Amino acid sequence: MIKKSSSRIMFEVFNGVFMTALVAVTLYPLLYVMLASFSEPVRFISHKGFLLRPLGFSTVAYKRAFDHPMIASGFKNTFFIIIVGGALSVLLTSIGAYFMSRKNLMLRKPISFMIIFTMFFGGGLIPFYFAVRNFTIFIPWIVNGAFVFKALNIYNTLFAVIIPVCINTYNLIVLRTGFMSIPDSIEESAKIDGAGHLTVLFKIIMPLAKANIAVITLYYGVGYWNSWFNASIFLADNTLHPLQLVLRQILLINSADSSMIAGVDVSDRLAVGETIKYASIVIATVPILFVYPLLQKYFVKGVMVGAVKG
Amino acid sequence: MKAHLKLLSKDIKKNYSAYLLVLPVILFYAYFSYVPMYGAVIAFKDYSPALGIVKSPFVGLEHFRNFFSSVYFLRVLKNTINISLTGLLFGFPAPIILALLISELTKKWFARTVQTITYLPHFISLVVICGMISQFTTTGGIIQNIYAAVTGNTISMLNDPKLFVPIYVVSGIWQEVGWGSIIYLAALSAVDHELYEAATIDGAGRLKQIFAITLPSIMPTIVTLFILRLGSALNVGHEKIILLYNPMTYETSDVISSFVYRAGLQSFKYDYATAVGLFNSVINFAIVLSANYMSKKINNTSLW
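Just so you know, the sequences run in chain order A and B.
Sequential numbering of the first sequence, starting at 1420, is according to our numbering.
Sequential numbering of the second sequence, starting at 350, is according to our numbering.
Note that these hints are calculated values from the structure, not bench results.
Treat the hints loosely; a few may be bogus.
[What the hints assert, rightly or not] 30 Å max Cα-Cα, derived BS3-like pairs, lysine-lysine: (1) A:Lys1522 <-> B:Lys363; (2) B:Lys456 <-> B:Lys557; (3) A:Lys1716 <-> B:Lys456; (4) A:Lys1528 <-> B:Lys351; (5) B:Lys362 <-> A:Lys1528.
[As the list claims (entries may be wrong)] Some chain B residues near chain A, calculated using beta-carbon distances under 7 Å: (6) Leu376; (7) Phe377; (8) Tyr378; (9) Glu525; (10) Glu588.
Because the structure is a prediction, the values reported are computed rather than measured.
Each residue gets a CB set at the ideal place from its N, CA and C atoms; glycine is no exception.
Excised from the complex, chain A in its bound form (with noise of 0.2 Å):
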């Protein structure tokens, strides 16, 4: 054992404060929002400067948050995308991974800069948007007992955010790295067995690379919540939005929805109008703090396979 120089001492001292100190910065403007929410908001909307404790406790902000029928529905569309988008994004990008990582197939290197090509060069925001707005699929159909395919065109219906944002390109070289690190001769002795792509694919390399997919699930699912800008040029109908675009509604463009503070005293709209964004930030929130837990697991691993070749 060496002993420690009085110098060393002096910057491990400093480090733990300056740590102790980051941790704080990182986590009090949470601890102030959970705080806010539960005040009482004619005493949070006269207080001035840090809180320790809520001002009272009230939830009335949570009641009013939870009465308003846009973050109802919000949740309900986010699950929706969510679900349906994950499901759909796995599944191709899972697809796209086993192509790109098969080095018997002739087309691979042509499709493969194909997509990767996607990266680094782009028609820009308004071609896209053109591009999704004559989007239109075919749905089969029953009409009359007799059956026909459907046209949809997606725009102003929940495929509008999931569709055109259902692979992601980086996401695909991870997992294409995850399947490349799996043998070959797991899959040739199958082969031997007269097993096709189809059986090779979903029987054998999707579960071998069960951490690479739970990485890739779990980057499209936070992808899948957070967004809100494709929603709020692809969705006119309002009933539509997801969580995220009704609380920048909520936080950043009407500063006190109407309909939240019906039938609160006129004095105190404005009070009840903050600390309701406070309750909206905790809503939408919590619900990230839940699986933060299993996200950090998985999300360090993927931070490492995307840093391999990327």
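Dock chain B against chain A, hints included.
Same frame as chain A, now just chain B:
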């Protein structure tokens, strides 16, 4: 050539299930990436939705000329570079310093706690982050209270053009510094411990060890990430800008991408906005290519 085609058709026949599987993926890229690349030709047209892309009359470089000669060109270019470089200057070293400090912590549980907590803001959505910024910096907000106590200035901070870039950059560091440190921590943990032991025996102090061993060991990681960042120097995303800016701060906050959004999707000057966006895409592409060239020269590693 003919033999090649024969081989190809044999390959497709043999692996038809793989090609069939990947077809939706190819169609996805074709439609949502390559069709818009073609759609960018409206930058050279007097686009009218009634006539469509093909039939709209060709106007050459008129939209580009209009943009370059407008007052907006220099403003958005200056703001884009300013926001990007300020972010680089302060945002790039921050995670490196954090990683070095975390790796110096002697108590493992404390290091883990610092990591867990500093990663957290990365997962909070941009809308929530910007909502918090807006709440804290508006008149009566907690940060504004402190700012007013120091400067005597009581206006809402997001309405002050001088404060937009600091707010944008500081909040970005707050959100991403922990997350950004992960990759450096991984590089640090790969450094050979015998080097440190040898240095200690030779009497090198901790600070000397950092400069003689630690930094050189993680230099390739630093250089690669630095070049990657340089590659997106003119690529400031529109989302955070749109959430935070307002007409009072356009002189410092409006960047190329937010200008494209406003011109195209709010003022419906589709052709003009496409031209500005195309200008940005081409410049970005050129920067990425040069960054990759640099990376090959300096680091012997290509970014792709």
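Hints versus structure:
Our distance criterion of 30 Å between C-alpha atoms is met by A:Lys1522 and B:Lys363, whose separation comes to about 14 Å. With a C-alpha separation of about 22 Å, the suggested pair B:Lys456 and B:Lys557 falls inside the 30 Å cut-off, and the hint holds. Between A:Lys1716 and B:Lys456, the direct Cα distance comes to roughly 21 Å. Compliance with the 30 Å bound is thereby established for this hinted pair. Restraint check: the Cα-Cα separation between A:Lys1528 and B:Lys351 comes to about 19 Å, which is no more than 30 Å; the hinted pair holds.
At roughly 18 Å between alpha-carbon atoms, B:Lys362 and A:Lys1528 fall within 30 Å of each other, so this suggested pair holds. Because the closest C-beta pair between B:Leu376 and chain A is about 10 Å apart, greater than 7 Å, the hint is violated. For B:Phe377, the suggested interface contact is upheld, since its CB lies about 6 Å from the closest CB of chain A, less than 7 Å. Residue-level restraint check for B:Tyr378 holds (minimum Cβ-Cβ distance to chain A is 6 Å; threshold 7 Å).
Residue-level restraint check for B:Glu525 is violated (minimum Cβ-Cβ distance to chain A is 11 Å; threshold 7 Å). Taken as an interface hint, B:Glu588 checks out: its beta carbon lies about 5 Å from the nearest beta carbon of chain A, inside 7 Å.
Comparing the model with each earlier hint shows violations of hints 6, 9; every other hint is respected.
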